[in-house]
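Residue numbers (our numbering), protein chains in the order written: chain R, 1 to 420; chain P, 1 to 420; chain F, 1 to 420; chain A, 1 to 420.
If you're looking for bench data, these hints aren't it; they were derived computationally from the structure. Mixed in with the good hints, there may be bad ones.
Since the list gives no way to pick one copy over another, a pair counts as held whenever it fits inside one copy or between any two copies.
[As the list claims (entries may be wrong)] Listed next, the in silico DSS-like pairs over lysine-lysine satisfying Cα-Cα at most 30 Å (straight line):
| id | residue 1 | residue 2 |
| --- | --- | --- |
| 1 | LYS385 | LYS120 |
| 2 | LYS11 | LYS321 |
| 3 | LYS405 | LYS169 |
| 4 | LYS264 | LYS127 |
| 5 | LYS120 | LYS110 |
| 6 | LYS125 | LYS416 |
| 7 | LYS200 | LYS169 |
| 8 | LYS321 | LYS409 |
| 9 | LYS200 | LYS125 |
| 10 | LYS200 | LYS127 |
| 11 | LYS11 | LYS200 |
| 12 | LYS385 | LYS321 |
| 13 | LYS200 | LYS120 |
| 14 | LYS416 | LYS390 |
| 15 | LYS169 | LYS127 |
| 16 | LYS200 | LYS405 |
| 17 | LYS371 | LYS264 |
| 18 | LYS120 | LYS169 |
| 19 | LYS264 | LYS120 |
| 20 | LYS371 | LYS42 |
| 21 | LYS264 | LYS405 |
| 22 | LYS110 | LYS169 |
| 23 | LYS264 | LYS125 |
| 24 | LYS127 | LYS405 |
| 25 | LYS390 | LYS264 |
Since the structure is predicted, the reported quantities are computational estimates derived from the model, not experimental observations.
Protein chains: 4
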Amino acid sequence: MIERYYPAGMKEIWDEAAYYGFWKSVWQAVLRTRGQDELAAKLAGASLEPEAVRAREAINGHELNACLALLEEQLGGGAVQLMHRGLTSSDVMDTARMLQLNRSLTLIQKTLDPVLSALKDKAVKYKHLIICGRTHGQWAEPTTLGLKFARFLSSGQRAAARLENVSAKIAVGKITGAVGTYSLISPDEEARVLARLGLKPLPVTSQIIPRDLFSDYLYALAMVCAFAEEIALGIRLMGQDGIREAAEPFASRQTGSSAMPHKKNPVICERICGLARLVRSHVEVGIGNIALWNERDISHSSNERIILEESSSLTLYILEKLLPVVQRLEVYEDNIRNNLERAGVRIFSSGILKALLETEMSRDEAYAVTKQIFQSGDDPAAVRKLLGEKTSLSAEAVSRALDPKEYVKHVDDIFKRMGL
Amino acid sequence: MIERYYPAGMKEIWDEAAYYGFWKSVWQAVLRTRGQDELAAKLAGASLEPEAVRAREAINGHELNACLALLEEQLGGGAVQLMHRGLTSSDVMDTARMLQLNRSLTLIQKTLDPVLSALKDKAVKYKHLIICGRTHGQWAEPTTLGLKFARFLSSGQRAAARLENVSAKIAVGKITGAVGTYSLISPDEEARVLARLGLKPLPVTSQIIPRDLFSDYLYALAMVCAFAEEIALGIRLMGQDGIREAAEPFASRQTGSSAMPHKKNPVICERICGLARLVRSHVEVGIGNIALWNERDISHSSNERIILEESSSLTLYILEKLLPVVQRLEVYEDNIRNNLERAGVRIFSSGILKALLETEMSRDEAYAVTKQIFQSGDDPAAVRKLLGEKTSLSAEAVSRALDPKEYVKHVDDIFKRMGL
Amino acid sequence: MIERYYPAGMKEIWDEAAYYGFWKSVWQAVLRTRGQDELAAKLAGASLEPEAVRAREAINGHELNACLALLEEQLGGGAVQLMHRGLTSSDVMDTARMLQLNRSLTLIQKTLDPVLSALKDKAVKYKHLIICGRTHGQWAEPTTLGLKFARFLSSGQRAAARLENVSAKIAVGKITGAVGTYSLISPDEEARVLARLGLKPLPVTSQIIPRDLFSDYLYALAMVCAFAEEIALGIRLMGQDGIREAAEPFASRQTGSSAMPHKKNPVICERICGLARLVRSHVEVGIGNIALWNERDISHSSNERIILEESSSLTLYILEKLLPVVQRLEVYEDNIRNNLERAGVRIFSSGILKALLETEMSRDEAYAVTKQIFQSGDDPAAVRKLLGEKTSLSAEAVSRALDPKEYVKHVDDIFKRMGL
Amino acid sequence: MIERYYPAGMKEIWDEAAYYGFWKSVWQAVLRTRGQDELAAKLAGASLEPEAVRAREAINGHELNACLALLEEQLGGGAVQLMHRGLTSSDVMDTARMLQLNRSLTLIQKTLDPVLSALKDKAVKYKHLIICGRTHGQWAEPTTLGLKFARFLSSGQRAAARLENVSAKIAVGKITGAVGTYSLISPDEEARVLARLGLKPLPVTSQIIPRDLFSDYLYALAMVCAFAEEIALGIRLMGQDGIREAAEPFASRQTGSSAMPHKKNPVICERICGLARLVRSHVEVGIGNIALWNERDISHSSNERIILEESSSLTLYILEKLLPVVQRLEVYEDNIRNNLERAGVRIFSSGILKALLETEMSRDEAYAVTKQIFQSGDDPAAVRKLLGEKTSLSAEAVSRALDPKEYVKHVDDIFKRMGL
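Work the whole structure out from these sequences, hints included.
Next up, the structure:
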């Protein structure tokens, strides 16, 4: 994982030393379950330096056997015998992986929480700030800035629910032997070892934990990133010069371009969009890892070493970067008002159409009249005049249709429904 | 969707005529909610022929406005006024899409059920049939054929749980207007219309239903296909000549190759693997549809027209094809026994290693001795002799280690745990 | 392939009837090579109705054997003997596929040509129309609208070069027998049959044509779509209300929204973006089809039936839709000028920085001064005043730096280099 | 990039220090072009420690401005003025990226060469070693082991051709300013700077080099990996117990399983398959980077920092691992012969069918007879007897059809055609 996007919290879980640390946790749980508390304590102090492991592995071509050899040197053969007896490598490795996934997930959940809070704050703060809605990049009916944030919040809540759902699934481990039959260990002993680690057994396994669980994990993370991308894209769009209704915060010491000193580029939001693209590509790799040969082949393992660490780190990184962007978002209320004015009366065409449909006019005719009037120009007075000439709408009906507040009168209902 | 892989059940949901039928369902629910039962009945009888829609759309470039025009001709302007007043196109289209998704999901769930039953039957039937386990394509500890099926079943149960989870999420619709503000309709009316369709409102929407729900749907389907792929790959591997422990059933009138009349190719399993590859690629497309511009852009819609229908149809197709393959799987018990014999004693190396670890021997030494003995040959007598010479294991310990039943003694526990 | 996005030209190549037509082409070439011109002519008139083939295939489970049976009924056993003797199914099917790919590619190339011409025309027409450049969505140095089109053109030329490159690769076929050994036919006869079809043999094959060639085809198409997406996105961005420098053309009878009659949505450009997303997802599926089992397994075939037709059709569809959008693009020169004015002097910050770097000032200081001046406001007079106060730049140097023409003085050089 | 799969050669190109080294190369070329050889030499000695850059970047949020500041401290403001005057960050960064791509490609090409040689050697060595062909995992017509290698070689040659093709495309750089207009530098100066770096200008650019070139690079690499995967999968299939015709070499000190000491797992081939899956997923990310906003947005950059390094490193790693596997492949000629015997006469069914088609028998009848005979059993004598009873084939015709050499008689032709 490149340094640049590797949050400290994830490094502690995913770098090689940490990974071997989780192996030791599994073996310690085995030892404790076997009544060897003292050995477990000694094991905790033993060292599995990544470089030493790699050197040993260069000889025997097997990462876990390399670790066993190193531990045997430090703890003596007896200890190693006791801790790995009846186990196969994957019992240790896969259970350790699950510890990593569980820890990462918790970290991601904790980092998502304040993002949701920040979105909630913005939703509430701008609940009634009318802003020009946009569909297809074009001015549409009025909405409120708060409602945009309510949408982001709702999306984030669904992302959080996915994490919650997956956290229950991945709280599992496996110590079932070389082909999943408990050939040399009992289901009962497995349950006791896993319980010490906060994990549960699976109904049945092969040599390894089924890879669809890893895919679920990768998908849930990709969906957190998609949620962040949604917000990042939204901010980039609002921040464009010519529109400029809100923008990514820009520190005064920050520089935007080496050639053009005036620039305040939304580089964090752009970065989020680019990384989200990568995280979601890992899902297909993960699904491709599910169908393995017989009781297992190891083709999944090489790419998992990369994508699990990377998706975990990038998701956390994205959330860490998103938080201050949301919290300190620059909102330009003047521009929002100016844009509403520039948009003119055309954004009320739907209200006029609806008013006409409440008269005797047929839909076809009503649509044609409305389209003609609103595509001809934006001057409110001119539009009112045309409406008077071409329709039988009352002045009151016209005024209601041209009043932005009419369009957002249900915002309170939505917020109430969301508990905001 | 190509005819070849398009199950009748899905065609009834996804072809263009069916899609417009769901539009009519939405409008009918609107009419009924507005007390227009008679009009709703008339609408039910109105025709929206895909070709007619396309012809009209060629003129005005808008699919839903084309339908409204056609309906106005048949039902008169009043009806159309009443049914679409206050609605935006996406209120109808997206709610109709959700009806399609819900119907498809139900169909897929119903088709998955008998596959799970068939797997259960096989698991129980072959619970104690000892078969050589395989890891990395190579003979490993003994397992049972029933346990392989128990694994497939467990995987299928997780796939079913994903469908269940997503079915709750997608039972939603939206009638919230052009930018999601209920500008021209009330939340209350939305709830009543949706209730008639068996759907619920979302907390908040843009012009459309948030696309992460579609992504969840696509992912759940891809995971059903991954489950099927797992089984299909397992059968292809067991069916290889030289191994041939089980095989895809082959009808007597079936022909396998135009050049080589002797062939009985597992073409269904191969087909499943190929289609699963495609269905999972749709997930990334679906995630890419989530971050849209402002209150919506329509870039998602064009690919959704293809991938939703395709993923739904292919998933159902795969399950329909998988069922008879599982049900009528050819199991060659003789070959299973022969292969166990060919595998010889080497597959018991783990038992010997464990036995040695229970003596005084260090792990390092035990491993080296076991490796040496078992890589030198497969003759049971020779191995027993070497074990006698090089280790202090008792004859009884050796016999236990070389007894395949020892390795599968916990199969009953696993089956009990799974409720089998 | 859904009707909606299925150009007539592709239908003629890809629907099932057409596919069987290509099979007949291969068999005809075999017959002619074997001196059976009369039989070849009879075969040309024989019928392979998709429904009839499917009915027969339902019995024997083999598509090509089904066709042979149907042809035997029409032409007698002798003819079928002669045309398929020594061939395996894939000799016919794969060679037919290559004919489809070649025909599709030609069609796509022909449709790309006028798009390139249209881009050229626009580039030349707007060569000197100064427009505000944008990076990160924000105003940057001036450029010209023609230069934007020159970029699109250059991108399209690279897309065309990829098609050209792939067209040479896929002009191949294979009649090498069941495992690629020419067991029952000679390399010489293969060469003669293929020559009649405008194809060449490959150095060596398995039962089938190596799938990396199909992947190359899919990639080249995805890159045509990426090129189209680039333009479509560019137009969507320029067309946004508040910016509105250019827009997708909108027919007067077209309707943009069923609720908001004023809308002129860039639905074609959005559609292109959505479809491009799908076409590029097929590349990964295609690469996943390359590594097959031994002399072949058929897992690639099921998804190829879908993705080859779909990528071909969608690519052509995209180009057919892109052409009129480029040709009739609406350019709003007034808005372009207004936006330049709104952008103000800040877009000249790079010129000022450069001018300062040509004085004695250090880069650090020059950068700080420029940033400070340009982030403080946009009023040209105020900026000139500040420049006078804080720098030693001559009035002439300032004027040059604030003159948009200075920034595009090399546009002619670029156009000359591109032969425009 | 994780240490484990990061070849030293790639580290020298891709780690952060190396990247900044390439930036210095670009600036040196600028200085030399501007006649500042002395400054260029001083710059070569200046230090851009990644940690120092990151610390500075933490303040100003701009990587390149951070470097400029560090260099200014070391070289003085004048030097920095001269080397970056008229340039925008991307001029330096993107040109440096291209240097990285070019260097990586050369390294990959050099590493592919010996793999092709090794495949050639094996093809020639086993040219005439008859082995049972396999389609769909089942025994098919005989082929030769050499022909399998010839196929791999041919596939590798196509992979090499793709690298060659892309190497010409990516030998480009860009120094065209902030929006690609050469606002502050001339095309002529660009050409001279790039020439010093062995690069050429592009016809036209935005702020950055068009991303389709990066996509071409990623695709070419993914195709090298697909080629390696093809071989790796082939070896895994041949190495399965029960088939065991060839196997990945296994060092005597290597250990295969911590639980089952007898195992010799093909872990390298499996690893290659898993990594290839990841590299090909980067193509879709790369294509998604092409369509950027206006004159550029920076969303591509964050994922490129990861995928370019990763695809480059993994491709090289795969080739480095593949080479000894091919060179020292274990071939079990006894098993190959035994398998041929086990396959029995059925693999000659195509020859019998062809012989029958040369008699008066209709294809339908001939097929039915052959299928019946060969599906009934494998005993050569019994088959000969049935052939005598049910067909009019001469003993000579039968013998020819049952002679494996008949099936591979064109192998020499193929090898000659390939120049082997």
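Hint check:
Taking the shortest Cα distances, LYS385 and LYS120 never come within 30 Å of each other, neither inside one copy (43 Å) nor across copies (45 Å). In this assembly of identical chains, the alpha carbons of LYS11 and LYS321 lie at most 30 Å apart whether taken from the same copy (17 Å) or from different copies (28 Å). Taking CA atoms no more than 30 Å apart as the test, LYS405 paired with LYS169 passes in neither setting, with 46 Å inside one copy and 32 Å between copies. Taking the shortest alpha-carbon separations for LYS264 and LYS127, both the intra-copy value of 27 Å and the inter-copy value of 29 Å come in at or below 30 Å.
Proximity of LYS120 and LYS110 under a CA criterion of 30 Å is satisfied intra-copy only: 16 Å inside one chain copy versus 40 Å between copies. In this assembly of identical chains, LYS125 and LYS416 lie within 30 Å of each other by CA distance solely inside one copy; the values are 15 Å within and 55 Å between copies. In the homo-oligomer, the alpha carbons of LYS200 and LYS169 lie at most 30 Å apart both inside one protomer (10 Å) and across protomers (27 Å), since each shortest distance falls under that limit. Taking the closest pair of Cα atoms, LYS321 and LYS409 never come within 30 Å of each other, the shortest separation being 34 Å inside a single copy and 40 Å across copies.
Taking CA atoms no more than 30 Å apart as the test, LYS200 paired with LYS125 passes between copies only; the shortest distance there is 28 Å, against 44 Å inside one copy. Proximity of LYS200 to LYS127 under the C-alpha cut-off of 30 Å is restricted to the inter-copy arrangement: shortest distance 24 Å between copies versus 45 Å within a copy. For the homomeric pair LYS11 and LYS200, the shortest alpha-carbon distance inside one copy (26 Å) is at most 30 Å, but the shortest distance between copies (41 Å) is not. For a Cα distance limit of 30 Å, the shortest separation of LYS385 from LYS321 qualifies neither inside one copy, at 51 Å, nor across copies, at 39 Å.
For a Cα distance limit of 30 Å, the shortest separation of LYS200 from LYS120 across copies, 23 Å, qualifies, whereas the shortest one inside one copy, 36 Å, does not. When the C-alpha separation of LYS416 and LYS390 is checked against a cutoff of 30 Å, the pair qualifies neither within a copy, at 40 Å, nor between copies, at 55 Å. With identical chains, the CA atoms of LYS169 and LYS127 are at most 30 Å apart between copies only, with a shortest distance of 26 Å across copies and 37 Å within one. Taking CA atoms no more than 30 Å apart as the test, LYS200 paired with LYS405 passes between copies only; the shortest distance there is 27 Å, against 55 Å inside one copy.
Taking the closest pair of Cα atoms, LYS371 and LYS264 come within 30 Å of each other only across two copies (10 Å); inside a single copy the shortest separation is 39 Å, beyond that limit. Within a single copy, LYS120 and LYS169 get their C-alpha atoms as close as 29 Å, and across copies as close as 22 Å, so both meet the 30 Å cut-off. Proximity of LYS264 to LYS120 under the C-alpha cut-off of 30 Å is restricted to the intra-copy arrangement: shortest distance 26 Å within a copy versus 34 Å between copies. Taking the closest pair of Cα atoms, LYS371 and LYS42 come within 30 Å of each other only across two copies (29 Å); inside a single copy the shortest separation is 81 Å, beyond that limit.
Taking the shortest Cα distances, LYS264 and LYS405 sit within 30 Å of each other only across copies (24 Å), while inside one copy they are farther apart (33 Å). In the homo-oligomer, the alpha carbons of LYS110 and LYS169 lie at most 30 Å apart both inside one protomer (18 Å) and across protomers (24 Å), since each shortest distance falls under that limit. For the homomeric pair LYS264 and LYS125, the shortest alpha-carbon distance inside one copy (25 Å) is at most 30 Å, but the shortest distance between copies (33 Å) is not. In this homomeric assembly, LYS127 and LYS405 come within 30 Å of each other (Cα to Cα) only inside a single copy, at 12 Å, whereas the closest approach across copies is 46 Å.
Taking identical chains as interchangeable, the C-alpha atoms of LYS390 and LYS264 lie at most 30 Å apart only when they sit on different chains, with a minimum of 22 Å there against 48 Å within one chain.
Violation of the numbered hints given earlier is confined to hints 1, 3, 8, 12 and 14; the remaining hints are satisfied by the structure.
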